[in-house]
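Assemble the complex: chain V is given as a structure, and chain P must be docked to it using the hints.
Protein chains in written order, with the numbering used here: chain V, 67 to 617; chain P, 67 to 617.
Quick caveat, the hints were computed from the structure, so don't treat them as lab data.
Here the structure is a predicted model, which is why all the values come from computation and not from measurement.
Take the hints with a grain of salt, since some may be wrong.
Note that identical chains are pooled: a pair holds if it fits in a single copy or bridges any two copies.
Unchecked claim - Derived PhoX-like pairs (lysine-lysine); straight-line CA-CA distance at most 20 Å: (1) 185 <-> 208; (2) 533 <-> 557; (3) 557 <-> 203; (4) 187 <-> 149; (5) 149 <-> 208; (6) 488 <-> 405; (7) 200 <-> 557; (8) 187 <-> 203.
Protein chains: 2
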Amino acid sequence: MRTSQSLLQLVCRAPYKRTFLRNFKLITFNIQQRNYASLENETVKTAEIHKNESSKAINYTTDIYTHLKRNPNFKELSPDDIKFFQSILSPSELIVDNGNNQDDLIPYNTDWMKKYRGKSKLVAKPKTVAQISKLVKYCNEKRLAIVPQGGNTGLVGGSVPVFDEIVISTNNLNRIRSFDPISGNLVCDSGCILEALDNYLAEQGYMIPLDLGAKGSCHIGGNVATNAGGIRLLRYGSLHGTVLGLEVVLPDGTILDNLSTLRKDNTGYDIKHLFIGSEGTLGIITGVSILTPKRPKSVNVAVFCLNSFQNVQEAFIISKEELSEILSAFEFWDINALKLVKNHLVQGANFPLDDKYPFYVLVETSGSNKDHNEEGVVKDGVVAQDNTQIQNLWAIREGIPEAGIEETSNRFKDAGIFGKDKLVTDVFGFGHIGDGNIHLNIVAKSYSPEVAKLTEPYVYEWTEKHKGSISAEHGLGLMKAGCIGYSKSQKMINMMKQIKQSIDPIGIMNPYNKTIQTPAIEKRVADAYIGTIKFIDRRLPVITGAITPVL
Amino acid sequence: MRTSQSLLQLVCRAPYKRTFLRNFKLITFNIQQRNYASLENETVKTAEIHKNESSKAINYTTDIYTHLKRNPNFKELSPDDIKFFQSILSPSELIVDNGNNQDDLIPYNTDWMKKYRGKSKLVAKPKTVAQISKLVKYCNEKRLAIVPQGGNTGLVGGSVPVFDEIVISTNNLNRIRSFDPISGNLVCDSGCILEALDNYLAEQGYMIPLDLGAKGSCHIGGNVATNAGGIRLLRYGSLHGTVLGLEVVLPDGTILDNLSTLRKDNTGYDIKHLFIGSEGTLGIITGVSILTPKRPKSVNVAVFCLNSFQNVQEAFIISKEELSEILSAFEFWDINALKLVKNHLVQGANFPLDDKYPFYVLVETSGSNKDHNEEGVVKDGVVAQDNTQIQNLWAIREGIPEAGIEETSNRFKDAGIFGKDKLVTDVFGFGHIGDGNIHLNIVAKSYSPEVAKLTEPYVYEWTEKHKGSISAEHGLGLMKAGCIGYSKSQKMINMMKQIKQSIDPIGIMNPYNKTIQTPAIEKRVADAYIGTIKFIDRRLPVITGAITPVL
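Chain V extracted, bound-state conformation (with noise of 0.2 Å):
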């Protein structure tokens, strides 16, 4: 028990850990901070590695959509139109496919967990918004279609093409344009690397409020495009929140400036946050001005072992309330997680955890003060306040969390392909019980059928019953165009594409992406790969929810 409330007192402060030791049964180990990323970090790097299997070929996104049909309005590259492109961009901006350069064009067509694969014939690289401006003013003139592409990270096929269409790269748009160390205001392009940029903040006592498994190679571009989420929404909130201003090439070419680095302005519509999120399909991002948080001085990380997850949720109640501003993670997974990181990704090795225990939650406080501890100035009133909080919770026992997480399995049990030589060998949850979001991870030993069948577009209508989302963190991309209508109204839906009309009224920009771009809002399954779930219970966090390919 000594180990238990020395880590309670790094993390908390003495409400915290009493109301914490009167009502768990639990073993706490110490991890050492930001190791706690490391199942969304494994994952990126065993997508790496994944990729780097130059044996495995890939198919053609279009060889499994079979109903996608490249758009006939669309005009084909022709010599004149790569002449022109020529005529923008340095021979190390551009690659043509000349028949035998494919290797050179496969990342740009293909995404890094290897399950789409566009034929596009043209990547562009600009270092300039004047030449992207350019380049995308032409092809709207001539109905080229385009597919904006920032690190390439993202896990629903929205960032590479699907047929021919040009790839228009931000890879060397990566200045940081200015940054104001009083007022914390950062200005830079868009093809700048998250990583990069915290570690230059860093520099100077600042931080990027955001934070995911892809960090070291996705671009800001692309997380403001698909309004990523990740580990710090539960502290410093969503993008809306923090990005001041955004510069956007528009489909007609025109450089839409509003890097605005006011955290104050009414005048006018807030047209930034149409593209926060838009994925690709109203313009493409250039610039992006973000509003970032001091660093702290202080933060401890404290990972709990609990035997069920109602615990979890409780533990969650009580953490918003005894540790309020300085909470800035509360994560979560169950022990088949556990069991797959240090099984396959760590081979076991330095990793702290023991796996006896059902469930895990790790909890990241950071603020300005080294010491949180108050012993001594406890008011009976707070602990009260919690007890209240945890008999609420008591109250209501269904649709927890959990319970999807169990039921998906139990499909697969009653099916007879669930086990440890069978189809599907781990069912498992992970994530950010802090924003109400979770991870559900299937893990398949190859792609089937059967499993895809059995997954959707059950989690979906589970989803759609809950009035969860079906994409809290990824987007739809092309994965799953077809499933807006799961969380999305047809009047929400008929407005998008109101908008989508009258910003890109050609349709040029990332046209196979996103339902509101598909005549019909059929529901349509996507493939059992990866899809994101969220089940919700009226008052407890949502989850959300990756099928991971076998790992």
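Leaving out everything else, chain P in the frame of chain V:
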């Protein structure tokens, strides 16, 4: 010095205290919590008094804004129209001009500053969203113009008619629909009064992440429609970050149900942001879903008197550095503002501040922790970091916000109209340094074209020159309908017009409000009674201000 120390103890931590004492010759006063809102509150109270002076005749807006012409495309109210409204609304929900009930219509035709007066002959006060949908659909078909109205506490004439627009008031739309004590999600009708919501939440240990002077009268729907800022923005961010969903009746009568309570949802464009700050020009907000924070258990407030505006800026940097996540407000006012409050508003009674010092800042800290004092665990590194910050600050002298206030008063001095018995008796500043947002107030004996000419477009031009916003908090309304060009590019304005055209093709919604509806973006000068301006320094907080009528 003991006072000062004990007060600093109250507000903050040891390093903050030390840096403060080292850097400033100051005297501190304690002031009970929330009193600091008095400047804003008193302004409101004064306006209320104003309002009740039935003696004062109110000019019609069209008598002052002679350039405004009624849009001939709009139909005039006919007996058949009135019959239709009577078929949808009960007598208590409808006010129709019958020749001798002007007094009933005046509160809806005039703003509370008595600057604007419209000529509406019909006020609808529906109780249900279904009623609003039917009314709006009818108006759209018949081309009857509409002005949506909430608490009608706006400062820029955005919530009152100009000609004979129909007023649809949310006064009767005031139900709390649901509150989740675990996540803090509140869903309510748009007509709920801000203070009533906050009182309701207080019972549950939560609070509305928004606080402003008009909270006793303003509606949450109006707050969202104008993207109100206020005192809490520094800590809880803007409504774009806290509003989770909206229910909106579109100009064609469609009820757009986007009352999500999800913190993360990336399915399609995030439409709700278009309506946040749209000032009733895209539809009528009928429901709001908002994420509310835990009510802090511990709130400390202190006021410091400082000897220069330079000190005010240093104090802000140190406060951000040392108080970080517990800093919930950093408010500023100058001696003239203080004198005004003492002499005109609170008759010097129970007002704890002495007016011997040129500048005053209020620092509020709030958190879940009773005592943030960390005497004894100070790290030198921390202090060193402040010094760097402060040196950075010393390095930039040009364009500091106060200069804007000084230069403005100098303009009046040079013109010989500034002084005790002159046209302009006072020029002072107060506001939200923490958000980069300060109010500049000019006190005039009465409205005078001379004051107007000296004030505008001068302040707008300064704002433009310093890349500020001509409206940080109050929107454009009618007053600044022609001035958006000072803060937004023609490209941005064109896009806004596209969106307006796409959502409200007939243009019935609040038709004389916001520039995006005016034919040209000519830089028309608004009248000088109230203008919101924002000076900006590349590195320092931005200033906005209101030029108030004589108090």
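So, going through the hints one by one against the coordinates:
1. 185 <-> 208: within (19 Å within a copy, 52 Å between copies)
2. 533 <-> 557: Cα proximity of residue 533 and residue 557: one copy only (16 Å, versus 38 Å across).
3. 557 <-> 203: Intra 31 Å, inter 15 Å, cutoff 20 Å: inter-copy only.
4. 187 <-> 149: within (14 Å within a copy, 65 Å between copies)
5. 149 <-> 208: Within one copy, since 14 Å is at most 20 Å while 54 Å is not.
6. 488 <-> 405: Only inside one copy: residue 488 and residue 405 sit 18 Å apart there, 80 Å across copies, limit 20 Å.
7. 200 <-> 557: Answer is between; shortest inter-copy Cα gap is 17 Å, intra-copy 35 Å.
8. 187 <-> 203: within (19 Å within a copy, 49 Å between copies)
Comparing the model with each numbered hint stated earlier shows that all of them hold.
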